[in-house]
Amino acid sequence: MKRRDFLKFIGAGGIGTGLGILFGQAIKPPGSKLIPYLIPPEDVIPGLANWYASLCTQCSAGCGVLVKVMDGRAKKVEGNPLHPVSNGKLCVRGQSGVQTLYNPDRITGPMKRKGARGSNSFEPISWDEAIREVSGKLKELSSKGEAEKLYLLSSSLGGHLGMLADDFMAGFGSSNSIKYDLFDNRNLRYANKSTMGLDAIPHYDIENTQYLLSFGADFASTWLSPVALSRGYGEMRQGGHSARGKFVQVEPRLSLTAANADDWVPAKPGTEAILALAIAREIVESGHYKGSDVSAWKSLLAPFGRTYAAGVTDVDKGKIRTIAKEFMNARPSLAIGGESISGYSNGVSGLVAINILNHVAGNLGIEGGVQPNSSDLFAGRRADRVGPGIDALIKAANGSGIGLLLHYNNNPAFTTPGSAHAVEAIKNVPYIASFSSFMDETTALADIILPSHTSFEDWGDDFTDPAPGFQVATLMQPVVSPVFKTRSLGDTIIGLGKGVGGAAAAKMPEGTYAEHLKDSWSGLYTRNKAMNASELTFERFWRDTLAKGGWWKESKPKMSKLKVSARSAARHISKEPAKFEGDNSQYPLYLIPYAQAGHLDGRGANVPWLQELPDPITSVVWGSWVEINPKTASRLGVKMGDMVEIESPYGKILSPVFVYEGIRPDTVAVPIGQGHKLYGRYAENRGANPLEVLPPTVDSRTGAYALNSTRVRIVKTGRPGDLVKMDVSTDELGRNIVQTVPPGGAPHKDTSHH
Amino acid sequence: MKNPIIIIVTLFIFVVALGVGFLISDQYLGRAPEQPINFSHKIHAGTNEIPCMYCHSYAERAKVSGVPNVQRCMGCHKIIKTDSPEIQKVAAYWERKEPIPWIKVHNLPDHVVFPHKRHIKAGRECQECHGPVETMDVVKRLAPLKMGWCLKCHGKYDVENGRECWTCHT
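Protein chains in written order, with the working numbering: chain A, 2 to 755; chain B, 72 to 241.
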């Protein structure tokens with residue numbers, strides 16, 4: 002090696018090392034900064050979680066929740082263990098509340114319509130402009146003397162928010178407040194009110210019953226208060242207070258709840274009421290019923306003989322007798338009626354039949370039976386009566402009876418039958434202001450949107466209905482700062498009330514909705530002896546109640562005398578099965594649209610966690626399906642995953658086939674929830690909405706649309722469907738995974754001692 | 072300079088040296104980045120003997136020790152040394168309602184967890200890792216913050232499960 006080369010190497014090494022060091026120093030720090038708080042929020046320690054008690058609003062059950070908040074972000078939702086409804090448990094929809102809060106498709110601020118109505122083209126405006134514009138339109142309506150033409154269309158607004166909205170409407174001079182949700186238990190409230198005189202939904206004490214006879218109540222997924230009822234069910238079956246209770250489910254398709262039952266009775270769709278009355282007749286005839294009006298019941302139930310019922314319902318005579326015997330001999334027993342029985346054209350009749358069944362078996366007002374709930378909502382007002390339904394709103398809109406529509410948090414454009422033409426009707430309304438947080442099919446029709454907070458950003462409360470036999474008031478508190486430029490609906494209403502002036506302004510509270518809520522609770526505290534006995538001052542009571550998540554006093558429910566009179570029941574029952582549209586020869590199959598645990602009435606479809614959650618029965622993700630019995634499928638020549646048309650006299654939808662043993666051969670079932678045209682990136686243009694093919698049949702007593710009201714036919718398309726399911730086979734393929742014990746107990750095989 | 076072998080070898084040595092220099096820089100040379108405000112730990116923690124955890128208040132309660140919030144700075148500096156240009160910078164941030172964008176001096180990769188709380192509870196002094204900060208006008212990282220360095224200390228104090236992977240890599 003030459004000396005020159007050696008020096009070159011030394012030079013290269015030296016310069017290289019030097020540059021390396023310089024480079025290393027230059028790229029440090031790797032872009033990281035330490036950004037401190039300007040003013041630290043109270044109780045926040047970086048990296049440590051706080052759990053705040055609040056209220057779940059994913060359905061109307063009113064579960065108390067705990068939200069884990071770390072560094073100002075909501076991370077996880079769990080049931081509040083102190084809360085008597087959720088008892089530390091929570092369903093999938095509640096658990097996914099954080100994806101509602103942080104949903105990328107939320108409406109981020111007030112907007113005004115730019116393009117044609119329904120074209121989903123909006124431009125942002127300021128909150129001041131928005132409030133000014135809507136108050137201006139309200140004033141215009143009022144000055145024309147058409148205050149009564151103001152309609153408020155919303156989901157059931159719980160607690161003091163509902164009262165504030167009522168005050169606003171009353172102050173403005175309108176009585177047209179329409180509460181609507183697809184599963185708002187309108188028929189159940191009506192049936193209980195008209196036969197038992199109950200304003201509030203009673204507590205169905207599954208926990209303490211010995212024999213549960215459910216007519217299509219899918220309480221493991223969606224019915225009434227699924228978390229509380231599922232927990233009660235667990236206690237009934239293996240709680241160990243007493244013998245394991247028996248459970249029989251009557252419904253045309255095997256739901257998640259039916260899959261847990263000892264016995265599944267797939268009665269013919271539309272005849273469940275007749276089955277219930279036939280059971281009631283057996284009980285009365287057996288002499289079990291000892292009431293003084295026994296002769297009235299005997300004559301009322303006379304037409305529902307075992308032979309007649311067996312012929313109509315497709316349930317064996319012997320079976321009817323066995324159920325009747327078990328139902329009256331098991332003490333206490335309990336009959337409940339859910340979506341499938343209340344969803345017929347005569348939904349009220351079915352629920353009345355169930356009340357009759359509970360009455361004659363002696364299950365009313367006892368532990369393990371039906372227990373009344375107080376209808377006094379702490380504040381001296383009474384629980385929601387059944388007001389006018391969505392059908393009334395559609396009628397008014399078509400008759401130009403609505404001058405201005407305020408809309409919040411429900412989606413009738415998606416959750417009413419296509420043939421009811423809700424969209425066309427709502428389009429007739431001259432001016433629509435929506436307070437919804439998401440751009441769904443109904444909100445898109447609005448002229449102006451004043452988006453509300455989601456529940457984790459807002460103040461509120463709820464007086465649980467159905468309560469667990471005693472009064473429960475749950476508080477909702479903001480657990481994170483608002484993510485977007487949204488507002489508390491309470492504050493929006495107060496702002497509009499003040500903007501309108503006059504009587505509406507006079508009825509609005511001073512200050513913010515949060516202050517109003519606290520003031521209202523101060524009033525409750527003063528009036529309610531049980532509340533103010535336990536705490537010395539309101540401030541202490543308020544602080545402790547916020548920390549705990551609400552107020553309740555667990556006590557044995559007061560058992561008042563509940564009864565059903567034969568006279569009140571007689572008006573509602575009939576020997577005729579429910580009506581189905583479509584001629585039997587053209588449309589041979591009954592259609593049962595049903596609520597899924599994750600999507601309920603379709604509101605869960607914009608949450609990716611709920612989309613990717615396999616349906617507990619079919620394991621299908623991210624889409625729709627139609628359940629068809631294997632016999633029917635082979636007759637039609639379709640197999641698992643084939644795309645088919647489901648056609649009724651009112652329209653058709655496309656869906657892939659799911660071949661399912663748990664459904665009657667003369668019935669097909671489609672889950673509700675998919676088939677959104679709008680509602681964010683995860684929901685749009687996915688699957689099909691079975692409500693599109695339903696007739697506009699309502700139960701005339703309540704205005705509730707009947708879900709199970711049409712026959713359909715299945716038409717092959719010859720194309721493969723887009724079915725994605727998580728399991729490969731429902732067969733155990735000879736692996737003996739599911740070991741069964743035949744009726745009559747286990748065979749005595751092994752008697753040797755170890 | 073015409074021999075291609077010599078050129079290749081020279082380039083090779085250059086590249087290797089570049090890497091060596093970078094490693095030296097990364098591993099052994101402390102770093103003292105310029106901060107948005109010329110804050111002196113020597114004045115605060117040294118001369119005035121303010122306890123570390125008066126400002127880094129989360130250290131005994133959480134994983135991170137926390138940088139003081141701007142309100143905490145202004146708590147004293149509304150009155151103290153308001154004529155200093157550096158304090159006026161702090162006041163300007165406060166006026167603008169803007170947090171001060173401090174530059175990280177001690178940084179750990181995401182795959183390792185260092186809980187300040189446990190080390191403080193175990194009785195370690197801040198200076199054992201951070202060096203004599205109370206003598207520094209500009210904070211300089213002295214410890215390499217590498218795994219071997221961590222384990223040396225865990226060995227020295229005979230930390231329970233101190234050599235388990237999951238103790239730090241959780």
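Just so you know, the hints here were simulated from the structure itself, not pulled from any lab data. Be aware that one or more of the hints could be misleading.
Some chain A residues judged to face chain B by a derived CB distance under 7 angstroms, without partners named [said to hold, decoys possible]:
1. 6
2. 20
3. 21
4. 47
Where a beta carbon is used, it is the ideal one built from N, C-alpha and C, also for glycine.
Hints versus structure:
Of the supplied interface hints, the one on residue 6 of chain A holds, with its beta-carbon coming within about 5 angstroms of a beta-carbon of chain B, less than 7 angstroms. Given hint, residue 20 of chain A at the interface with chain B, holds; its Cβ is 6 angstroms from that chain's nearest Cβ, closer than 7 angstroms. Nearest Cβ of chain B to the Cβ of residue 21 of chain A: about 2 angstroms, under the 7 angstroms cut. The hint holds. Taking 7 angstroms as the C-beta contact cut-off toward chain B, the hint placing residue 47 of chain A at the interface holds, the least distance being around 5 angstroms.
Going through the hint list in order, the structure satisfies each hint without exception.
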